[in-house]
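*Asks:* Counting in the working numbering, the sequence shown runs from -18 upward without gaps.
Mixed in with the good hints there might be a few duds.
Said to hold, decoys possible - Listed below are the simulated DMTMM-like cross-link pairs for lysine to aspartate or glutamate, each with C-alpha atoms no more than 25 Å apart in a straight line:
1) K3 <-> D28
2) K63 <-> E149
3) K63 <-> E92
4) K63 <-> E90
5) K63 <-> D5
6) K161 <-> D79
7) K161 <-> E90
8) K3 <-> D174
9) K161 <-> E92
10) K63 <-> D43
11) K3 <-> E31
12) K3 <-> E163
13) K3 <-> E14
14) K3 <-> E92
15) K63 <-> E31
It is worth saying that the hints were derived from the structure and are not from the lab.
Keep in mind it's a predicted model, so treat the numbers as computed, not measured.
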Amino acid sequence: MAMGSEDRMRDINIGIEGVSLKVDSETFWVASEIPLHVVSSSVVGGDLEETNHILSVRVPADPEQRDYALRRPRAFVRDRAKVLGINGPVVGLITGLDHERLQVAIYAEGETKVAALATVGLTHLSAPGRHQVVYTGEAGPGTINQVILIDARLAPTAAVRTATLATEAKTLALFEAGVKTEGGSPATGTSMDTIVVASTGRGPFSRYAGTATLVGHLIGQAVYDSVAGGVRLEQDASLNP
């Protein structure tokens, strides 16, 4: 598997102490000095409650390697983790997108900080109950993957609300950009979208995380901006192939 090493990855400052983000075309890697509390729908580590590492890996273009990644996504992500020297539990995502297209939006107020990361593909657009899209493996994966990093303490209720709020913000970004399914319905996402919510467990405590709360407001802003930026990239690419 031809993949770059850690020393070739560039750093992006996300403004959260002890949490780093490294990126190259094949990968983005969030590493934390302290365990992050996670809620996720990820292909790897979706059952974890804590992790120090969140990894997104690009599906290779080579047909044989691509087949391996899609048939055995857990093994594929763990292979990349080993290359990077990660030995502990990993929350892992896969995408067909170049990670240089990663969108990062950061908002902070007082001690509460939020960084939203998004890779946005629009090739399998769906709308729940309106337009079902079943991925057959014939086209490249075109998911919208989100990682929301929160420097705060979240109650379990707030963590769940954070995931639903981020989905609302994603849907709003798609709606306002006029993104629609093949059937003509407003798209709410793609058929294989993934979300990871990770909090540091320090600083201000939030029992709730709706739009009326500070943490919810910051999440909404960050997620909307990151997804909207990715949508613009995809739309520009379709107009100027």
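*Asks:* Hints first: check each against the structure and report whether it holds.
*Replies:* Status of each hint after checking the structure:
Proximity of K3 to D28 is assessed by CA-CA distance (about 24 Å); at most 25 Å being required, the pair is judged to hold. Between K63 and E149, the direct Cα distance comes to roughly 35 Å. Violation of the 25 Å bound is thereby established for this hinted pair. A threshold of 25 Å between alpha carbons decides the hint, and for K63 with E92 the separation of about 34 Å lies outside it, so the pair is violated. Of the pairs offered as hints, the one joining K63 and E90 is violated, with about 37 Å between alpha carbons and a cut-off of 25 Å exceeded.
Restraint check for K63 and D5: satisfied, since their Cα atoms lie roughly 16 Å apart, inside the 25 Å limit. This hinted pair checks out: K161 and D79 have alpha carbons roughly 23 Å apart, not beyond 25 Å. For the hint linking K161 to E90, the alpha-carbon distance of about 34 Å lies beyond 25 Å, and the restraint is violated. Annotation: proposed proximity of K3 to D174 holds, straight-line Cα distance about 22 Å (limit 25 Å).
In summary, the hint linking K161 to E92 is not supported, as the alpha carbons are separated by about 38 Å, beyond the 25 Å threshold. Straight-line distance between C-alpha atoms of K63 and D43 comes to about 20 Å, which keeps the hinted pair within the 25 Å bound. Proposed proximity of K3 and E31 is supported: the alpha carbons are some 20 Å apart, at most 25 Å. For a cut-off of 25 Å, the pair hint linking K3 to E163 is broken: about 35 Å separates their Cα positions.
Under the criterion of a C-alpha separation no larger than 25 Å, the hint pairing K3 with E14 is consistent with the structure, at around 14 Å. Our distance criterion of 25 Å between C-alpha atoms is met by K3 and E92, whose separation comes to about 24 Å. Only pairs whose Cα atoms come within 25 Å are accepted, and K63 paired with E31 is accepted, the gap being roughly 19 Å.
Against the hints set out earlier in the document, violations occur for numbers 2, 3, 4, 7, 9, 12.
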